[in-house]
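Peer 1: Each chain, written out:
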Amino acid sequence: MSLAEINKNEVDIVIGALNADLTQFLTSWGPFFSGFHLIVVKDPELKEELNIPEGFDVDVYSKTDMEKVVGASNSTMFSGYSCRYFGYLVSKKKYIVSIDDDCVPAKDPKGFLVDAVTQHVINLENPATPLFFNTLYDPYCEGADFVRGYPFSLRSGVPCAASCGLWLNLADLDAPTQALKTEKRNTAYVDAVMTVPAKAMLPISGINIAFNRELVGPALVPALRLAGEGKVRWETLEDVWCGMCLKHISDHLGYGVKTGLPYVWRNERGDAVESLRKKWEGMKLMEKSVPFFDSLKLPETALKVEDCVIELAKAVKEQLGSDDPAFTQAADAMVKWVQLWNSVNSSA
Amino acid sequence: MAQLYSSVKPTPMLKDELDIVIPTIRNLDFLEMWRPFFEQYHLIIVQDGDPSKVINIPEGFDYELYNRNDINRILGPKASCISFKDSACRCFGYMVSKKKYIYTIDDDCFVAKDPTGKEINALEQHIKNLLSPSTPHFFNTLYDPYRDGADFVRGYPFSMREGAITAVSHGLWLNIPDYDAPTQLVKPLEKNSRKFDLPLRLPILYVDAVMTIPQGTLFPMCGMNLAFDRELIGPAMYFGLMGDGQPIGRYDDMWAGWCVKVICDHMGWGVKTGLPYIWHSKASNPFVNLKKEYNGIFWQEEAIPFFQSVTLPKECTSVQQCYLELAKLVKEKLGKVDPYFITLATGMVTWIEAWEELNSEEGTEAKAPNGKNE
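Sequences listed follow chains G and E, in order. Take 334 as the starting number for the first sequence in this note's numbering and just add one per residue. Take 689 as the starting number for the second sequence in this note's numbering and just add one per residue.
These are calculated hints, taken from the structure and not from any lab test. Relax, there's no trap hidden among the hints.
Straight line, CA to CA, 25 Å or less: simulated SDA-like cross-link-like pairs of lysine to any residue:
#1 Lys-443(G) to Asp-802(E)
#2 Lys-766(E) to Glu-1044(E)
#3 Lys-637(G) to Ser-679(G)
#4 Lys-514(G) to Asp-604(G)
#5 Lys-1016(E) to Gly-764(E)
#6 Lys-532(G) to Ala-897(E)
#7 Lys-440(G) to Pro-803(E)
#8 Lys-440(G) to Asp-836(E)
#9 Lys-1024(E) to Gln-996(E)
#10 Lys-440(G) to Ala-897(E)
#11 Lys-532(G) to Pro-821(E)
#12 Lys-517(G) to Leu-819(E)
From a predicted model like this one, the values you see are computed outputs, not experimental measurements.
The shape of chain G in the complex, shown without the other chains (with noise of 0.2 Å):
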């Protein structure tokens, strides 16, 4: 599949603005971004006007405009990075793009700067293969296929839910290892997209991913907030959380996630150390998480992503819930946004 078969009136691109400023930002991505677009949402809790250059097709949202479609009290759901959640919400497209607005487009080894949003579309037009592990990754891409001993049966694969992309320069790494590790850069360039094997559950970062919006839209959930969640990425679990109840549900539901390429060069900003002075609760909850999810079994009369979400939500309350009350918000975030879901897709 090449750049000319992509149907840029499939997909938007969604951006979170935490920083007002995003000239330097969409410039930057502008060569990739034409042609698409655009949906950028500002952090309700940013003061500033956002500065965005000429030349973009897109729709901005502000606070004022969220609370028009959701209503004032639930604005909060979508303050800091699940800003963009808002973006999801109100797309009309079957492919959304998200990407952070600290990153910028990265270089392959070859010196080229890589489309990341093609690239995406690519890994989710094509089909995943969760269920049985090829040694040579993405038997799809060109030039590449099936090892010998990849049952048949198999190889027609099942449908990507969501393209987890990677970064170069500064990685998706916590405040603890990031903080003792400052000079840390990461220069790898890991040639390859794959799936990630059924059950299998990994950390999905919200910095640089794609989904497909008509298939698991509602699964991609703005729900665990840390207490004290900040406006760097050190401080928040938001996106692993949700990537924990998406991948759960692509499982059940027989979707694939994939991961790998692309890659975006990741800005730096922030500092891992003062954000490691903050009491960090991130840590406990993915351990209280981890338990939860890899025991946990969605009914089988669950069949449709918005049922998954609410059982999951159920589940949550009822396991977790006692062990920290950003759980019971979580799981109550999470009815929620099927509510909210359902009201703006219905009236569309």
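Mind docking chain E on chain G? Use the hints.
Peer 2: Positioned in the frame of chain G, the structure of chain E alone reads:
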């Protein structure tokens, strides 16, 4: 912390702890290219086919060689579990080895080059893979976090960052990929390539990653470039009954891989795949391959759901126990697919019996091969 093996510390050679097992039916000229990397290691050559043929081994290598006569002499009636006229016979080499680690490589595999043009020391990479932990319980999106330059990503549970012990290191191949016969027939000229064009003198596809295959996930294990901890998983590395007198071929390593993965998952051990690459030079005849694989293509459709759903009882706490339990289940569940699986299950049991015998105190004496260099 993840960085247990930094670039400052050299990788231990393990020359007294690792055997290189090579099956061959033709010659071992390929060893010349590997000399700088293999010369300090002990080789176990398993000669398949006509035992009267003399296999020429380049000067200077320390080796022991076993032909069919040796296998028959050493194992007696139990030799029935070792394949004839198939590279599956290599597992005899695992059985007679006394070392902790095994590296096995095919005799048509050569030293590959990385994208910078540097020769790849495949054995060193396998050792690095085996000596560093695996992460089977939670997938790390930056791949092997113990590699130089890598680490665990945000959200990776801290309680899992010590990882699990690594039992297997599965390497890959440049040039001729390991495709099955139908794929070979459809794509005759394709090399392991990618959409970006690179000068032909360089490897065309090089994925610079090692990763752990998650627990609960099966994979097609290729025996061309494979290393493992023999003391841990050796008894499960039986390459089945293939070749002469058997209705199937080219599924030896696949079979071993499914058994090994199920047992590693049960024991909580890790299986890694990815680097190192070797250069696979010889494309075998796809029509010959099709004949060998034919039954396998259908049987794997039954075998794989079997392995995916098998659960080993908690009471199976050793690899041998796990393997014997598997053999029992193979006979019960796959025996209905074809009587071959009943024969194979018997072979699996015989293999364990032979393994126990040879690896006990008394078994050591019986092992001496005929073709041993002085």
